[in-house]
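Asker: So the chains spell out like this:
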Amino acid sequence: MPEDEIGHNISFDRCKDNNNSCQHNMRSAANRDKLKTLALFLSPAVILYSVFFLFPMIQAFYVAMFRWSGMSPNREFIGLANFKKLLGFESAAGKLVATDPIFWKALTHNFQFMVISLLVVIPLALFFGSVLSRKVWGSGTYRAVYLFPNMISVVAVAVLWSFVYHPQFGVLNLLVSSVGIQPPHNGWLGEPNTALTCMIVTSIWYGLGFYIVLLLAGIQSIPNTYYEAASIDGAGSWQQFISITIPLVWDILKLAIVYLVINTINIFGLVYVMTDAHPTESTHTLLTYLYQKAFSESDFGYATAIGVVVFVLIFAISMASLRLMKREAVEL
Amino acid sequence: MAALNSRRKSNPVKRTLLQFVLILYSAIVVYPMLWLLLASLKGSAEIFEHPWAMPKALHWSNFSEAWYGAQVGKCFGNSIFVTIVSMFFILFIGAMAAYALARFTFKGREAMSAVFMSGMMFPVFLGIVPLYLLLANLGMLDNYYGLITVYVAYSLSFTIFVLTGFFKTLPHELSEAGMIDGCSNFTVFWRIMLPLAKPGLIAAGIFNFFGIWNEFPLALVIISKDSLRTLPLGIQNLLMVEHYQANWGALFAGLVIVMLPTLIVYLIFQRQITEGLTAGALKG
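Keeping their order, the protein sequence lines are chains R and E. Each residue of the first sequence is one higher than the last, beginning at -15 in the working numbering. Each residue of the second sequence is one higher than the last, beginning at 2 in the working numbering.
Because the hints were derived from the structure by calculation, they are not lab data. Hints are not guaranteed to be accurate.
Unchecked claim - Residues from chain E that face chain R, not an exhaustive set, calculated with beta carbons under 8 Å: (1) Val31; (2) Ala101; (3) Pro124; (4) Tyr155; (5) Met260; (6) Pro262.
Using N, Cα and C, we set each Cβ at its ideal position, and we do this for glycine too.
Given the sequences, and given the hints that come with them, work out the whole structure.
Answerer: Here's what the structure looks like:
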């Protein structure tokens, strides 16, 4: 829609046929009136948003440059030293070691969340989206059921699933013992090498429905005639999927992937609750590590530096994935 | 919109196979919740001994124990209060700003819209330390004012985004007629435009309801008093406590209590929710 059609000027002329001075007076009075109205309508939002949202976000870039513990007024400007410690390496006993190994572990865990989610969620969402777009019995009900986990509090999901993995009466124990595998002694969440995978599975269970609904809507907007034409030409389901569905939902697919990337970097509540508020080296993610630095260790400057890195990471990865998937979407 | 009704007929074997897969995934989604519902009606010993059986007797006492003993009722009240008050301010303040951004031309309008939109890009925790210190200085830590103010500020980007789109679609003539009749700008907004924007307000309201009712990280940072905990905080705390007391029945009942309102709202507004989730994506 062109801009002029949307922008609606309230100073519409009521004295078109009158002389110039009337027009001028009416105009400036209307202008003053408009300014007052604008101030009335916009100031609550602008003030709240700036003071409690935007300003702290911007301030973070500055706070990240201080050594600052707790609520004490003593803070010391240290430039980029927090970032150097966070991202840097030093040589110890002839080997290159990260100055903050936990940060790198947390980052790796976020990447595991991201890569596994991308590999599992996107194909499954495409599959279920395509299936539900057909005239399938009960497709509306399936869609509603699949989306529901997304509406539950992430805390409830995390608590619920810590019982799926429970060492005494968890359902997973039953499943694996029925095929003759010995469940881990400390429970699935207590064992360093299974805990992360368990949390990734939970996050997929939690989020998949959203991506199904998103892609389903995209697939549904593809005109049926395309598929009919392809059928007449003898294309099978798979061929139709590859040469019609994928190119025509490409834009939404891109969006889904960017969402997924952002969500997996921002993961916090699930991990925090499933680790009983005490993530370890083998379960920390970037934001649980940030939270621990800020609110358990009162290392405010350092924690904020982690926040800045997360911001940059999200920005860079979403830009990169948009760039990588740059390909003209087929216009309908 | 294309008509999809007659999309490809597949053969019966394939159809059955697809139904099987669809039901299988439904079972994966529903099973943990069903298990929870059953477990919430069992005694603690029964959960251990027969975790997969139907409850022998219905232990409704789990619910009263959760509600009164484990403070879930208190948290429930807190959550209701915080959600309703926050939603009121979010929709009111957000609608006023969206109205101004959608219906008036003024210098810097585009820039202001862009600044509001940019809020959807920031990770929640980027500014958490400065925010925490700001709230501490203003005496807004550990009370409702702080939590609600922060919820309103954090939700404005999304709400203004949704509502601006809505106000732009409303016809100009109505507000002009109101102005000629001598109504003030605010009266036009309140009496004429806001009622017309009801579908938009409902859509924004639904998503804010889920956002705030389920919100965890900000509440965790801002609230530490037991008596002020919202439900997600209460449930998280209950999980940690029950690990030592093993009073699982009450914990499961608490979980059912958290999930129930979201289930009800979801069932009522299911169509709007699915449409709302996808509308932005498809038009964007």
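Asker: Hint by hint, say whether it matches the structure.
Answerer: Now the hints, each set against the structure:
1. Val31: holds (7 Å)
2. Ala101: Status holds, d = 4 Å.
3. Pro124: Holds: closest Cβ of chain R sits about 5 Å from proline 124 of chain E, inside 8 Å.
4. Tyr155: holds (6 Å)
5. Met260: holds (6 Å)
6. Pro262: violated (10 Å)
Hint compliance for this structure: hint 6 is the single one not met.
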